[in-house]
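A.B. asks: What follows is each chain in one-letter form.
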Amino acid sequence: MASLELLLIFTLISGVIAYLVGKVHPKTGSILTIIVSGIVFASLAYFGLNEQLLTKVSYLPYISFIQTPLAIFFGVLVSFVFFMVSFFNPYFIDKYTYKAVYSLLYLLSLAGIIGIFFTDNFMTLFFFFELVVWSSLFLIPLGRDEEVSVWYFGFSVFGSFALLSAILLMQSVTGTFDITTGLQAVSGFNRLSVFILLLIAAFAKLGAFPLHYWLPKVLTDSPDPVTSIFSGGLEKLGAFIAVLGLVKLVPTGFFIDVMDMYLTHYILAILGSLTIIGGTVMAIRQDDAKKLLAYSSMSNGGYIIVALSLGSSAGISGGLYHIIAHAIASTAAFLAIGAVARQTNTTKMSELGGMLHKMPITYMVYLIAIISMAGIPPMGGFISKWLIFQGVINKGLILVAAATFFGSIGSFLYVFRPLAALFLGQELPQFKETIKEAPIVMLIPMVILSLLNIVTGVYPTNILAYINTLLVDLNIVQLDITRWTIVGTNGTLNPALIAVMFALGVFIAFIIFISLKKSRKVELMDTYTAANFIYTEELLHYSVDFYAPIERLYEPYIHFMKKFYQALANKVREVGALVKYYIFTSKPEVATFFIMLVIAILLWGDLV
Amino acid sequence: MLLYASVLLIVIGLYGLLTNRNVIKIILSLNVLEIGLNIFIITVGFLDLEEAIAPIITLQQRASVIVVDPLPQALVLTAIVIGVGTTAIGLSLAKKMYDKYHTFNLDEMGEE
Amino acid sequence: MKKILAFIFAITLGVMIILSLSNNELFTDFGDTNHYDGISSGYITSEVGGDEEPALVPVNIVTGILVDYRGFDTLGEVTVLFVSSIGVALLLGVASPKRINLNFKPNFMLSVGSRALFGVMFLTGIYIVLHAKTSPGGSFPGGAMIASSILILYLSNDTFRTDVSKFKLGKSLAASGFVLVGLIGLLFTGEFLANFHPFIMDTILVLIAIDVAGGIVGIIDNFLTEERV
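Protein chains in written order, with our numbering: chain A, 1 to 608; chain B, 609 to 720; chain C, 721 to 949.
Because the hints were derived from the structure by calculation, they are not lab data.
The reader is advised that the hints may include incorrect statements.
[Stated by the list, open to error] In the DSS-like style, the derived pairs of lysine-lysine whose C-alpha atoms are separated by at most 27 angstroms in a straight line are: (1) Lys708/B to Lys580/A; (2) Lys704/B to Lys580/A; (3) Lys723/C to Lys587/A; (4) Lys708/B to Lys348/A; (5) Lys708/B to Lys563/A; (6) Lys703/B to Lys436/A; (7) Lys722/C to Lys587/A; (8) Lys703/B to Lys818/C; (9) Lys704/B to Lys888/C; (10) Lys818/C to Lys704/B; (11) Lys703/B to Lys888/C; (12) Lys886/C to Lys703/B; (13) Lys886/C to Lys704/B; (14) Lys703/B to Lys587/A; (15) Lys99/A to Lys217/A; (16) Lys633/B to Lys723/C; (17) Lys722/C to Lys633/B; (18) Lys703/B to Lys580/A; (19) Lys818/C to Lys708/B; (20) Lys722/C to Lys580/A; (21) Lys723/C to Lys580/A.
[As the list claims (entries may be wrong)] Over 12 angstroms on every C-beta distance to chain C, these chain A residues come out as not near it, computed from the model: (22) Glu5; (23) Ala42; (24) Asn50; (25) Leu54; (26) Thr124; (27) Phe126; (28) Leu137; (29) Glu146; (30) Glu147; (31) Phe189; (32) Met259; (33) Phe389; (34) Gly425; (35) Thr469; (36) Gly491; (37) Trp604.
Predicted model, so just to flag it, every value in this text is computed and none were measured.
For glycine and all other residues, C-beta sits at the position ideal for the given N, C-alpha and C.
With the rest of the complex left out, here is chain A (with noise of 0.2 angstroms):
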């Protein structure tokens, strides 16, 4: 279908259909979802790419498409995660009280999708976006918490509304709720204003600090489809936003002429390092491997907003980069987590052991997620931090550089205990008889991932000049690339040749590892502590607690976030009370007294 209007009303009535024959037949209704995906990320890509789409509206009232590079490069890239995790919907649902209402609320997500990225109407953006909201909103709580996702409302609700007002203030000042001649046309305070009010809807979509509390806990607690959608796919939503306010809207504020930068960008790219630094930091203490993941995605958030911030084009091609790298890689990641967890029903780290044995491919696909998250070459995750460490370097922020340096190096720490804990070591009793192979459906998404991990990190040419053509839509300089290399300020880098020596690398490892002598392998029991033989199976993970050295040296300074949040929930609890017990009583007279209070304060401005 190569028209957007079409396409929506597709995705919203196979959403009612889908819902319908979930009604009867559950598993049925989630297989639609796969299709549906499938269709919407075909034509988007299909006729998206080829600039091809059709933005005529007939038949839906008050919403206007246009097709701009941006809204393809983001609405392919998300309805692609949205396909890719729509595979592993038919396993899950039977785990869902409300099974017919999942794959309703997956396919409403996508239409919000569609409508969010391409029109041209910041109203209809609005709208869309509060669709994706709400319905995401009740995919949440099918996990396990409903808690968690009243903190998920309470941020959106925030970032909603900073949009809101960010959208009206702009249509106050310039007249029109066009996104593109608005937020040119803004200008004064009122564009600091918009400024200020986008990017906090972005960082409340993100989950960037300090506006970050509720990332962590979705996606730890949601169904591990939903989990994916959210990092692969709904927190770009907030670098969407984030890409309206940082490059769309002419930027503005006090401007530093020695670092070349608005003082405004110049907080962001502070307050995106202090998101990494803290995503980092939490990590690195997570027992729970989809919690670890849940910090990194917060951490790679820190690394979208620092790179945009930056506003050149290796900074910003390099933001557009890491949303790709880090979608596929961390829908990968959570995906393949959410494979291993539907067979062994945990994702605890100290109750995992041994996986490697039971499931080789999810491993695979696990390991290569990792490398790419942790932007160790040759994986797409690679490429973009060098791009942002380049944009970093060259605008000559050492502190940004150093929160940059030390998240990629703190993701080098964190990443690889899950595969370790996980994956390594050895196999627990329990799992030694019953663990398989996650289903062959579940796992063509996963490899496919995997593939696009390696693709992106070694001929990452097409990709780049796609966002080299979105520069010039956003007038920005365009990166200098060649067919293999990408030259930046400090030095040129060749992607396809560190691929070349780190497969050699490979081959030779696996040459050493074939010539020597074969490991055994040991059993749990087989092994003594304390000149005695142990007799209970207990695992002795060296991946548990394996930083608690570290965790000490940080261990009292990280809760002041949560103890604000905590303390400011109580307080709107409190204030709740407060009403309901002076007010509010039983006593109706008590109640009209207050009102007749208010009125007569407010005559009283008549009366002097």
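On the provided structure of chain A, position chains B and C as indicated by the hints.
C.D. replies: What follows is chains B and C alone, placed relative to chain A:
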């Protein structure tokens, strides 16, 4: 004068709301207040002229006719219907209360 | 003591209202209003010398505002009535309804007189509804009048109860019909509740009357039923 009358009705309604503990009387007070409010809104649109007529214009009279403000009247018409709705809900709640406690007095119902 | 305080407070508020209104420049004195400057001027001028076809514009401007210019708000109002009647039905609804036992038996005068009155009231109601374009208040009073004519029968006739449920059906149909008419406007002119044919306004007026009548009858019916023991 009508303005003072409407404000008086509002004051009576408020007094009733402040002093009564009987559910039916509270609902009646609300109705009195509402009537005062409706009259008040109507008076806003009144035009004290000899030639001003009710806002009903036939084809023959089309041009050069002065009418009173029709908008408050339309508003009040809406408000009356909504008042009927709220009163009905209030009364049915009162009936429910009576079924449970066998009294209309809030004091005798106790807490909860 | 409490009553005196309440009295003083209420009087103070009333005095404050009057004082603040008499001091206010924006609030004109009684009878001095100049609404030809405000929103209503648009409604009046389009009535008096507007470009709309004469047949489309009702003679009564209030009806015109209710049904044509602010038709969407009237739809909201109908919805409020609908919701409140549903609320009453939810609050008072019982599993096996039966008419409440009245303390008196309808005597000869009441049963005959009410029938005679019913005809007059019902016809007057219908007359008012059909002339809603000219009469003050549109079709709301007509609807209320039809409802009271039904209720008179209801009081005097024990077996009447079963027929009332049909009225509730009529109410629901009328409310849906309102939306349907609005959608027809959307279909033909691209505007919800567009007034492009004289027939539209007549239909809306009749539908409102049915809605109001059904709503009131339904609410009173709910009050006059109790659970069969």
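A.B. asks: Does each hint fit the structure? Answer for all of them.
C.D. replies: Consistency of the hints with the structure:
no.	hint	verdict
1	Lys708/B to Lys580/A	24 angstroms, holds
2	Lys704/B to Lys580/A	23 angstroms, holds
3	Lys723/C to Lys587/A	15 angstroms, holds
4	Lys708/B to Lys348/A	53 angstroms, violated
5	Lys708/B to Lys563/A	46 angstroms, violated
6	Lys703/B to Lys436/A	64 angstroms, violated
7	Lys722/C to Lys587/A	14 angstroms, holds
8	Lys703/B to Lys818/C	16 angstroms, holds
9	Lys704/B to Lys888/C	22 angstroms, holds
10	Lys818/C to Lys704/B	17 angstroms, holds
11	Lys703/B to Lys888/C	21 angstroms, holds
12	Lys886/C to Lys703/B	25 angstroms, holds
13	Lys886/C to Lys704/B	25 angstroms, holds
14	Lys703/B to Lys587/A	18 angstroms, holds
15	Lys99/A to Lys217/A	23 angstroms, holds
16	Lys633/B to Lys723/C	15 angstroms, holds
17	Lys722/C to Lys633/B	17 angstroms, holds
18	Lys703/B to Lys580/A	25 angstroms, holds
19	Lys818/C to Lys708/B	19 angstroms, holds
20	Lys722/C to Lys580/A	23 angstroms, holds
21	Lys723/C to Lys580/A	25 angstroms, holds
22	Glu5	17 angstroms, holds
23	Ala42	34 angstroms, holds
24	Asn50	33 angstroms, holds
25	Leu54	21 angstroms, holds
26	Thr124	18 angstroms, holds
27	Phe126	21 angstroms, holds
28	Leu137	26 angstroms, holds
29	Glu146	27 angstroms, holds
30	Glu147	31 angstroms, holds
31	Phe189	30 angstroms, holds
32	Met259	53 angstroms, holds
33	Phe389	55 angstroms, holds
34	Gly425	61 angstroms, holds
35	Thr469	38 angstroms, holds
36	Gly491	60 angstroms, holds
37	Trp604	8 angstroms, violated
The structure shown violates the earlier hints numbered 4, 5, 6, 37.
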